[in-house]
Every structure is written in structure tokens, then in C-alpha cells.
Amino acid sequence: KQEVTQIPAALSVPEGENLVLNCSFTDSAIYNLQWFRQDPGKGLTSLLLIQSSQREQTSGRLNASLDKSSGRSTLYIAASQPGDSATYLCAVDTGRRALTFGSGTRLQVQP
Amino acid sequence: GAGVSQSPRYKVAKRGQDVALRCDPISGHVSLFWYQQALGQGPEFLTYFQNEAQLDKSGLPSDRFFAERPEGSVSTLKIQRTQQEDSAVYLCASSQDRISNQPQHFGDGTRLSIL
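Protein sequences, first through last, are from chains G and U. Everything in the first sequence is counted per this note's numbering, starting at 124 for the first residue and increasing by one. Everything in the second sequence is counted per this note's numbering, starting at 310 for the first residue and increasing by one.
These aren't lab readings, by the way, just hints derived from the structure by calculation. Please note that the accuracy of each hint is not assured.
To be verified - With a straight-line cut-off of 20 Å between C-alpha atoms, the simulated EDC-like cross-links for lysine to aspartate or glutamate are:
{"no.": "1", "chain 1": "U", "residue 1": "K387", "chain 2": "U", "residue 2": "E361"}
{"no.": "2", "chain 1": "U", "residue 1": "K320", "chain 2": "U", "residue 2": "D417"}
{"no.": "3", "chain 1": "G", "residue 1": "K165", "chain 2": "U", "residue 2": "E353"}
{"no.": "4", "chain 1": "G", "residue 1": "K124", "chain 2": "U", "residue 2": "E353"}
{"no.": "5", "chain 1": "U", "residue 1": "K366", "chain 2": "U", "residue 2": "D395"}
{"no.": "6", "chain 1": "G", "residue 1": "K165", "chain 2": "U", "residue 2": "D333"}
Unchecked claim - Taking beta-carbon pairs under 10 Å as the criterion, some of the chain U residues facing chain G (in silico):
{"no.": "7", "residue": "G312"}
{"no.": "8", "residue": "Q315"}
{"no.": "9", "residue": "Q350"}
{"no.": "10", "residue": "P352"}
{"no.": "11", "residue": "L355"}
{"no.": "12", "residue": "Q411"}
{"no.": "13", "residue": "G416"}
Stated by the list, open to error - Covered stretches of chain G (in silico footprint by chain U; criterion: 3 or more residues with CB under 8 Å from a CB of chain U, positions within the stretch not fixed):
{"no.": "14", "segment": "152 to 165"}
{"no.": "15", "segment": "168 to 174"}
{"no.": "16", "segment": "210 to 224"}
Don't be surprised by glycine CBs; every beta carbon is placed ideally from N, CA and C.
So here's chain U without its partners, still in its complex pose:
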């Protein structure tokens, strides 16, 4: 596709359930990023992949959060045993290059609500 695609757009889950969020980056983009955005705030970094390698996961808030990109294309962010504070918009971004001179292109996000 032309842009970064995320699914689902909206997800409602009960506290304690596991959820999986999907990101399809722009075709051929080497780098992929996940961010978490709380209401009224800027996005906060979660994790970064270069191809299939997870190079930085320093932003993941707890061991309940797990991300993978097994074939270097589609990525999944999984949250286990969800809690109410996990409610946020989860944004995925991709970038063409592996160095810091290309802009990051963002998807429309998945809005996660934990009841």
C-alpha cells in the first residue's frame, strides 16, 4: 500500500485480556517503530526494529509488552494481561533508511480501550 497500515483501528478489551496490534509498514522500509500516545500528549517511543532485528526496546513499559517483526516486514505489538493504564493510541511508523536522515512515516494508529 501507499502508507503505513495499522489494524484494528479500534480495540476494546476487558482488563486482564491479551491483545495484538498489527502494523504493515511502507513496502521496502527497513526501520519500524512503535509509539504510545496518551490523550493530549505527544507520542512516546516503545521499540524499534531494523529489518527483523529489535534494536531498541527501552521504551516498553513492562514485560507485559512484547513486539516482533519475524520476516522484517509486518510487525505485531502484543500486550498481555492488559490494565486500564494501557489505554492509549498505539502508533506505528516506518522509515526507508537505517540511519537518522529519513523522516518517519506514521500510520493512523490503533485506539486501545481497556475496561
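Okay, chain G solo, but in the shape it has when bound:
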């Protein structure tokens, strides 16, 4: 059974710092991996989707990498801003379409 782990569970940084969020998964047979953002009381916003054949994806200040063989992905946020404060979730799709999620990293960026 696929299991997804996110470290750290919570993170607080001052504005302007670059930061890395980690995601690991137990079964490397995945179709893709998605990073989402969730604001309190809201649904999930898709940030980046990395296909299994890709190594990384970039969108603005966000860069996500994927190392399938080691079962790891990282989300890099450059020059963090208070508006980046949210919970970040990673999820893997093994081809069944059902996403398996980690428990998330709760990020607080201090102004």
C-alpha cells in the first residue's frame, strides 16, 4: 500500500527566506506527483504536477523535483512571502487516478 510522508509537519520562517518542503513515498511505481496548497477552510489548489518521466517542474517562485527511484520529491519556494503561508500537500497517483496524500506541511512566513 502506497504511503506518503511529509517532513516537516510545520515550519515557520522569516519573509524572504528560501525553503524546501520534503515528500517521500514508499512505492516508486507512480504515474505522477502533485503538489497542492490548502488555505484554512478552503479546498486544494494545484501548484505543480510532475509526470513520472520528468525530473522537475517550475512555476514562478516554485520548483518541484522528483526522484522516483528513491521515492522523494521536494518543493522549493524562493524568496518566501507572508502570502505563501498555507498548508502544502503532496500526493501521488499510481495510475488508479485515486491520489494518495501526505499529511501536509503547515508553513508560516513571518513578515
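Following the hints, complete the assembly by docking chain U onto the known chain G.
Chain U in isolation, oriented as in the chain G frame:
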């Protein structure tokens, strides 16, 4: 509409009552998913539709949970004889394609509280 719409946003029910949660996916999206999210946890998969066909219901926790999408658009998740452990946020997502290369787009969820 522009995004996935779920209603109601909040639902309070007494233990033993039946509830129905509605999801309007993004227009034209073939795939529709339901997830359950407990407080402080990531969402957990419940069921998946491709058009009107329910292709995967392996995540439904018991036979009290039932989902349908009769015309391949709007979907309803029904929970019969609700119990306190059913309290959670129920998220609906839709995806444009029927294969695993398109992101899933989520609604804001229905927060269900069972008293």
C-alpha cells in the same frame, strides 16, 4: 462556473440521520473524485467516476456511503444513518481527462458535523 462547486458548505446533522452532499464539477470535465479529509490530515480517496460510470469505490468506508453521477455531470455523495466518525470535510475534485496526466481541481468542500 469557473471552478468546482460544492454544497452545502456546512452541514450539521444528528447521529442516525441521512445526508446528501452535492458536487458540480468544472464544465466538460470527464473525471470526478470524492475525498474525505479529517482535521489535520491529508484527504483520503473515497470514489471515482468517469462520466457516469463509477470506476472505483474502494475508498468508501462502509455500505452506508453511496455516490452517484447519473448524467455524467453533477454528483451526489449520500451517507445513511450517520455516525460521529463521519464528521469530516468532504472534498470533490474534477479532472479534464480520463488518464493520469491532468491535475485534479478541488472544490472548497462540505464540512459535515455529526452531533
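So, going through the hints one by one against the coordinates:
1. U:K387 / U:E361: holds, 16 Å
2. U:K320 / U:D417: Given that 20 Å is the threshold and the Cα spacing comes to 14 Å, the pair holds.
3. G:K165 / U:E353: holds, 16 Å
4. G:K124 / U:E353: Holds, at roughly 13 Å.
5. U:K366 / U:D395: At roughly 17 Å apart (the allowed maximum being 20 Å), D395 of chain U and K366 of chain U satisfy the hint.
6. G:K165 / U:D333: Between K165 of chain G and D333 of chain U the Cα gap is close to 16 Å, so the pair holds against 20 Å.
7. G312: holds, 9 Å
8. Q315: Holds - the Cβ of Q315 of chain U comes within 10 Å of chain G, reaching about 8 Å at its closest.
9. Q350: With Cβ-Cβ at 5 Å, under 10 Å, it holds.
10. P352: Holds, because the Cβ-Cβ distance from P352 of chain U to chain G comes to roughly 5 Å (cut-off 10 Å).
11. L355: Cβ of L355 of chain U sits 9 Å from chain G, so the hint holds.
12. Q411: Holds - the Cβ of Q411 of chain U comes within 10 Å of chain G, reaching about 8 Å at its closest.
13. G416: It holds, given that the least Cβ distance between G416 of chain U and chain G is near 5 Å, below 10 Å.
14. 152 to 165: holds (count 6)
15. 168 to 174: With 4 residues in contact (Cβ-Cβ under 8 Å with chain U), the coverage given for the segment 168 to 174 of chain G holds.
16. 210 to 224: holds (count 10)
This entry satisfies every hint, going by the numbered hints stated previously.
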